Amino acid sequence: AQKVTQAQTEISVVEKEDVTLDCVYETRDTTYYLFWYKQPPSGELVFLIRRNSFDEQNEISGRYSWNFQKSTSSFNFTITASQVVDSAVYFCALGGGNSGGSNYKLTFGKGTLLTVNP
Amino acid sequence: GAGVSQSPSNKVTEKGKDVELRCDPISGHTALYWYRQRLGQGLEFLIYFQGNSAPDKSGLPSDRFSAERTGESVSTLTIQRTQQEDSAVYLCASSLVGTAPNGYTFGSGTRLTVV
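These protein sequence lines are chains F and E, in that order.
Note that the first sequence covers residues 1 to 118 in my numbering.
Note that the second sequence covers residues 119 to 233 in my numbering.
Isolated chain F (complex conformation) (with noise of 0.2 Å):
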């Protein structure tokens, strides 16, 4: 079975500091595929990053970056310099895996929710 583990329930921080918010999964695929949503209080879920599990090159976005480890399975996500429209739900997932027939299916995380104070 797969499971996504936000350990993080809330993460309160200052703005224009950084925060890292963990991710850890539990797949049995050898292909599958990670993201990231945001979830404002608006209640829409931004789909923010896809990766591939084969690819384990860090990626950064301006002021997001994401850090993926196979060997830890884990896809963290760091925020620089926040502000205070970061404060949202973030949800790490799991999905598009190569075993079974289900691949369409995306297996979440129970979400971390960021505030980010002036």
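In case anyone wonders, no lab produced these hints; they're calculated from the structure.
The reader is advised that the hints may include incorrect statements.
[What the hints assert, rightly or not] The calculated lysine to any residue pairs, modelled on SDA-like cross-linking and capped at a C-alpha distance of 20 Å, are:
id, chain 1, residue 1, chain 2, residue 2
1, F, K3, E, F163
2, F, K38, E, G221
3, E, K129, F, G43
Small disclaimer: the values here were computed from a predicted structure and weren't measured.
Chain F is already provided as a structure; the job is to place chain E on it using the hints.
Just chain E, lined up with the frame of chain F:
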């Protein structure tokens, strides 16, 4: 449409009543998904539609839950004889084809409260 549209955005219902939630996917998206998000929890898969194929209903929690989709358009999720544990946000998503790597586009959800 430009995005996935869900209605109503909020629904308060009395225990035992039936409710119907609607999802309008992005035009041209053949795959449609329903997920449930309980307070403080991640998203739970409910059901998946792909074109005219038989839907994957494996995530529906009980026979009180059902969903329909006409072709590649609107989907409705029906909950009969609602219970308080059904209170949650129900999220709909669609994608071009039915594989997770293509990424989903989510709607804003319907917040269901059963009193």
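Compare the distance between the alpha carbons of K3 (chain F) and F163 (chain E) with 20 Å, and conclude whether the hinted pair is satisfied. Satisfied, since the Cα-Cα distance of roughly 13 Å is no more than 20 Å.
Quickly compare the C-alpha distance for K38 (chain F) and G221 (chain E) to 20 Å and report which way the hint goes. holds, 14 Å
20 Å limit on alpha-carbon distance, applied to hinted pair K129 (chain E) and G43 (chain F): holds, 15 Å
In the structure shown, no violation is registered for any of the earlier numbered hints.
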